[in-house]
Amino acid sequence: MDIQLKKGVLELCVLKLLEKRDWYGYELVSEISKTIVIAEGTIYPLLRRVKEDGYVTTYLKESTEGPPRKYYNLTSKGKEVCKQFEREWVDFAVRVNNFIKLGDMNE
Amino acid sequence: MNKEVFLENLKRDLKNIPEQDIVEILQDYAEHISIGLKNGRDEAEIIKSLGDPADIARQINADYHIKKAENKTSTINIFRAIYASAGMGFLNLLFILPLFVMLLLLLFLLYVIPFLLIMGSNMVLIACVASILVPDFFAGISGFVLSLPELIAVFFTNLGFASLGYLFLIGAYHITAFLYGHVLRYLKFNMSILKNKEESI
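Going line by line, the protein sequences match chains G and D. Using this note's numbering, you'd call the opening residue of the first sequence number 1 and step up by one each time. Using this note's numbering, you'd call the opening residue of the second sequence number 1 and step up by one each time.
Be aware that one or more of the hints could be misleading.
[Stated by the list, open to error] In silico DSS-like links for lysine-lysine, alpha-carbon gap of 30 Å or less:
| id | chain 1 | residue 1 | chain 2 | residue 2 |
| --- | --- | --- | --- | --- |
| 1 | D | Lys-38 | D | Lys-48 |
| 2 | D | Lys-67 | G | Lys-16 |
| 3 | G | Lys-61 | G | Lys-16 |
| 4 | D | Lys-38 | G | Lys-51 |
| 5 | G | Lys-34 | G | Lys-70 |
| 6 | D | Lys-68 | G | Lys-77 |
| 7 | D | Lys-11 | G | Lys-34 |
| 8 | D | Lys-67 | G | Lys-83 |
| 9 | D | Lys-68 | G | Lys-51 |
| 10 | G | Lys-51 | D | Lys-11 |
| 11 | D | Lys-48 | G | Lys-61 |
| 12 | G | Lys-16 | G | Lys-51 |
| 13 | G | Lys-34 | D | Lys-48 |
| 14 | D | Lys-67 | G | Lys-51 |
| 15 | D | Lys-67 | G | Lys-70 |
Hints listed in this document are in silico derivations from the structure and should not be mistaken for laboratory results.
With the sequences and hints as input, model every part of the structure.
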């Protein structure tokens with residue numbers, strides 16, 4: 001589960017953002033790279049993956065400037081998965097924090 | 001590197017991906033770059049922060065072929081998935097290669113042994129029948145002179161061997177199906193380790 005969890009962190013961040021509203025790729029990438037240091041190009045394969053898995057759907061929307069943008073919309077399946085990931089992540093983080101605290105007390 | 005070179009390199013490194021998907025992938029990156037330019041960013045800087053197109057292509061290739069192997073069971077697909085995973089890095093080849101060799105050896109033994117067993121015993125069966133019909137046929141080809149009861153004993157023993165061969169083949173089929181699922185899981189496990197590295201979380 002833990003390896004899945006680590007791999008899922010980036011996925012969780014993307015799904016979490018999509019929970020609030022629909023985003024287009026560029027927005028998602030800039031928002032996430034504010035917090036997590038990544039090669040920005042790796043978000044797009046992840047977006048393709050979650051689309052393949054049926055967690056998101058996409059649609060094109062005209063923009064006032066430039067070409068139409070591809071927006072990502074979270075499906076109900078995606079919402080469920082997002083909640084589950086979030087629980088797993090919080091649980092994992094609590095365990096790790098407890099572990100660190102325990103280590104500090106033993107010093 | 002400018003936009004054109006980035007997209008060209010990405011396209012060049014996408015292996016065995018359907019044309020429709022390649023068009024979509026390139027559109028995603030073209031959109032990203034043009035929005036970045038609209039926001040006043042420098043083209044070279046946008047490309048640099050996207051990362052190496054070869055890395056992106058490797059990730060897409062591996063995702064695509066593993067997904068495909070999951071959806072459709074075929075030997076070509078699983079070899080493509082192994083190949084794509086191996087493409088993720090030379091170090092990873094060290095994990096993949098023993099698996100690949102083991103898999104091939106196992107498949108070889110699983111199918112070749114029962115095949116030989118069936119072929120061999122069938123030839124003896126034919127020889128037995130032939131020597132009942134044509135006296136001294138068996139002695140002619142093998143040098144052994146066998147009486148009729150001995151011939152019948154050899155016949156039924158080899159009938160047993162042949163049946164055993166067929167049973168092994170059925171077993172081999174089930175073992176292959178089982179292996180297929182586990183190889184996929186192994187590849188995904190490999191991928192998850194590599195992805196953690198590549199996304200530098």
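Legend entry - Holds or violated: Lys-38 (chain D) to Lys-48 (chain D), with C-alpha atoms at most 30 Å apart: holds (17 Å)
Legend entry - Agreement of Lys-67 (chain D) and Lys-70 (chain G) with the hint, judged by alpha carbon distance not exceeding 30 Å: It holds: about 23 Å lies between the C-alpha atoms, which stays within 30 Å.
Inset, instruction - Given the hint that Lys-34 (chain G) pairs with Lys-48 (chain D), test it: the Cα-Cα distance must not exceed 30 Å. - result: Judged against 30 Å, a Cα distance of about 16 Å means the pair holds.
Inset, instruction - Take the C-alpha atoms of Lys-67 (chain D) and Lys-83 (chain G), compute the straight-line distance between them, and say whether it is at most 30 Å. - result: Since the Cα atoms of Lys-67 (chain D) and Lys-83 (chain G) sit roughly 24 Å apart, the hinted pair holds (cutoff 30 Å).
Legend entry - Given pair status - Lys-51 (chain G), Lys-38 (chain D), alpha carbons within 30 Å: Given that 30 Å is the threshold and the Cα spacing comes to 27 Å, the pair holds.
Legend entry - Agreement of Lys-67 (chain D) and Lys-51 (chain G) with the hint, judged by alpha carbon distance not exceeding 30 Å: holds (12 Å)
Inset, instruction - Sort out whether Lys-77 (chain G) lies within 30 Å of Lys-68 (chain D), counting only the CA atoms. - result: Given that 30 Å is the threshold and the Cα spacing comes to 21 Å, the pair holds.
Inset, instruction - For the pair supplied as a hint, Lys-16 (chain G) and Lys-51 (chain G), confirm whether the alpha-carbon distance does not exceed 30 Å. - result: holds (15 Å)
Inset, instruction - Would you mind confirming whether the straight-line C-alpha gap from Lys-61 (chain G) to Lys-16 (chain G) stays at or under 30 Å? - result: holds (22 Å)
Inset, instruction - Take a quick look at whether Lys-51 (chain G) and Lys-11 (chain D) sit within 30 Å of each other, Cα to Cα. - result: The hint holds at about 21 Å.
Inset, instruction - Verify the proposed pairing of Lys-68 (chain D) with Lys-51 (chain G), using a straight-line Cα cut of 30 Å. - result: Holds, because 15 Å separates the two Cα atoms, which is no more than 30 Å.
Legend entry - Pair hint outcome, Lys-11 (chain D) versus Lys-34 (chain G) [Cα-Cα no greater than 30 Å]: holds (28 Å)
In this structure, every one of the numbered hints holds.
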